[in-house]
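We have chain W already, so just place chain D on it with the hints.
Take a look at the letters that make up each chain.
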Amino acid sequence: MTLDLLLRDYTLQIVALGSAVLGAVSGILGSFAVLRKQSLLGDAVSHAALPGIAFVFLITGVKQTEMLLLGALISGLLGTFMIVSVDRYTRIKFDSALGLTLSSFFGLGLVLLTYIQKIPNANQAGLENFIFGQASTLLKRDVYWMIGLGIMILTVVIVFWKELKIFSFDPEFGKSIGFSDMKINMLLSSITVIAIIIGLQSVGVILMSALLIAPGVAARQWTDKLAIMVLLAAIFGIVAGVIGTIISSLVGNMPTGPVIVVVISLIVFFSLFFATKRGMLWRVMRMKRNRRDINDSKVLVNLYELAMNHDVVYHPHKTNVIMLGKNNKRTDNKHVIKSLLYLCDKGYVKRDYFDTWSITDLGIEKAKRIMANHGGEKL
Amino acid sequence: MTPQVEIMLIAVIVSAACALLGVFLILRKMAMMTDAISHTILLGIVIGFFITESLTSPLLIIGAALIGLLTVYLAELLKRTKLMSEDSSIGLVFPFLFSIAIILITRYAGNIHLDVDSVLLGELAFVPFDRLILFGRDVGPKSLYVMGIILTIDLAFILLFYKELKLATFDAALAAVIGFSPVLMHYALMGLVSVTAVGAFEAVGSILVIAFMIGPPITAYMLTDKLKTMLVLSVVIGTFNALLGYQVAVIYDVSIAGSIATVIGITYLIVFITAPKRGIITMVYKRHMQRIDYAMHSLLVHLYNHEGTEEEEVEANRHVIDQHLHWQKSFLDKIMKKALRLQCIVVEQEFLKLTSKGREYAIRSFEDI
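Which chain is which? The protein sequence lines are W and D, in order.
Following numbering that gives the first Met the number 0, the numbering of the first sequence begins with 0 at its first residue and continues without gaps.
Following numbering that gives the first Met the number 0, the numbering of the second sequence begins with 0 at its first residue and continues without gaps.
One chain only, chain W, in its complex shape:
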């Protein structure tokens, strides 16, 4: 039914396409922001874009998307410039600079918006949409613009791939081989501002930052390679954009922007838990396995030492004398039995009819090897 709807509903197609482009672009650029630990810069820039939009409208008096976005671009860059120079020339921390810039620019935006509302002009309706975004108002023309800008951003990223890569991981090295830190920063900021501006119409000023951060963070969990990370982030962005759009059109009274944000957040949480290698679940499992390996070794060594105290090496021992390590008084029987059973499977120990355990030749060899590996240290 969903697919059917997507195939038939023309408006939905347009909106979904727009959201997908937005997701892809912000995923790609967000990856760099996340790696450079500048995630929140996007938040500040998107707020800083508001006065530009309002100002252009005030001058031109018409709601022409391209001109408004140009205004957004200029004031967004101005905001970035302010943040960067405060950070560079004073002891004010980066995040304080962000906070002040985003709120005072936003304040100015509000002032201009409220000023515009007082002017008798029928065109102003919908200007507030930039604050919360309204994907459903996207027109075909807007989506073409988004696609065009998206392709432009993609080209810039591909052309400057090497530089971006170096500056994401080792800016000092980049500087030492002669790349200009400042130039790359400006380049990345500019294309990020453009990406944010693509998103303003559909998800709005406030939620745009999530779209920049989340896909990158989610993708980072699955891979250590930049190219794959960027690709994955783009895919996550697209998936969230399309699914969010569909949900908000299927369920009544669901704002598109927030739904997209919730979907991409869920993708992040899923990745944090289930990603291979880095994910939490994976980590817990690995810890458990390590713990078990250590337990097995301890039990085997303990049994070996017990056996050495007897004339017959294969002297059987009861479970309760076998311990996890030598000095462990509070022996946990459950773990010991678990380990013994596992060792039994491997053929290192034997179990006889009276539920007693004895070490095998194979086990003796293994125990000696374990002890040698630990250099005679206590396990």
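One thing to keep in mind: the hints can contain errors.
Simulated coverage check for chain W against chain D, where a stretch passes if three residues somewhere in it have a Cβ under 8 Å from a Cβ of chain D [stated by the list, open to error]:
| # | stretch |
| --- | --- |
| 1 | 80 to 94 |
| 2 | 162 to 171 |
| 3 | 252 to 260 |
Here are a few chain D residues that face chain W, going by a calculated C-beta distance under 7 Å [as the list claims (entries may be wrong)]:
| # | residue |
| --- | --- |
| 4 | Gly90 |
| 5 | Asp170 |
| 6 | Ala171 |
| 7 | Leu207 |
| 8 | Ile250 |
| 9 | Ser258 |
| 10 | Thr266 |
| 11 | Ile269 |
Treat the hints as calculated values from the structure; they're not laboratory data.
Built from N, CA and C at the ideal position, the CB exists for glycine as well.
Below, chain D without anything else, positioned relative to chain W:
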């Protein structure tokens, strides 16, 4: 009291309460966490609203404060997984909670009076309409009392725990060693931030709260190194901004909170440019003077190096010396002028000669190297 005076009074109280807390927030690098809290309290307000079905219940403040603390806790939880950096964790948690709040509002609160715009953007001009009636008498706008109580709590907290706050801010490790928990301080402060933000949202909206919290303190931080001075100065600057912003808003008939936030930004910008010790003009001037000073010493050392040697005729010639030192001609002239003024060199025909004073300088800087 006329509504105008009431509005100004509320604006001043909000500014003072925010500025006091803000001092500690910026010193502890919590500015963006504050931004996150000021957004997510919306979820607390919405949930509180669903439970109490009233926008004026004190439960709303408690609910919002709890959500504020939850935000801090979740962001720290995410950071602790070491799977992302601190700013990413903040940037993930707050849009998520905020989105849930917006979805809840648009879906379930569509026909009741809980307007997203009013929560986020606030409107000081409407605040005097909501009156507090005690024993059948109108005693003033409710917001005035709410913010007054919050300001008192903030002030009391800072006065009571001044020493602890100072220590936890500047030396968390020492604080922990001495025996009071910086974590507890942290959450207490965050709790107050949430409560203050909730109290202020009606007047100034949740986005602009952060301007009130961050702006005046960082402006004060440009001007002083003392914590006490900074606290007082922040409140003074905050008050000034609030009053000026209000006047501007009245003249142009625009959003009061937005106008105050703009004034806050402009005030900071002016101080950023002109502050006596840390302002950008001073910094650039200082750097420029250092450069000139260094260049003059280089010139003196250069002359000293070649003094009395065979190549002196070439090296000390005023027409070629710029090439030897890889300087612009105009720059050399400037340096020469300064050296002449300080009587470190004299010009004999086309050659520069060190005076005894200049020689002394040169020897000293030579030894410093």
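Worksheet item: Hint numbers the structure violates, sorted upward?
Response: Numbers 2, 5, 6, 8, 10, 11, in rising order.
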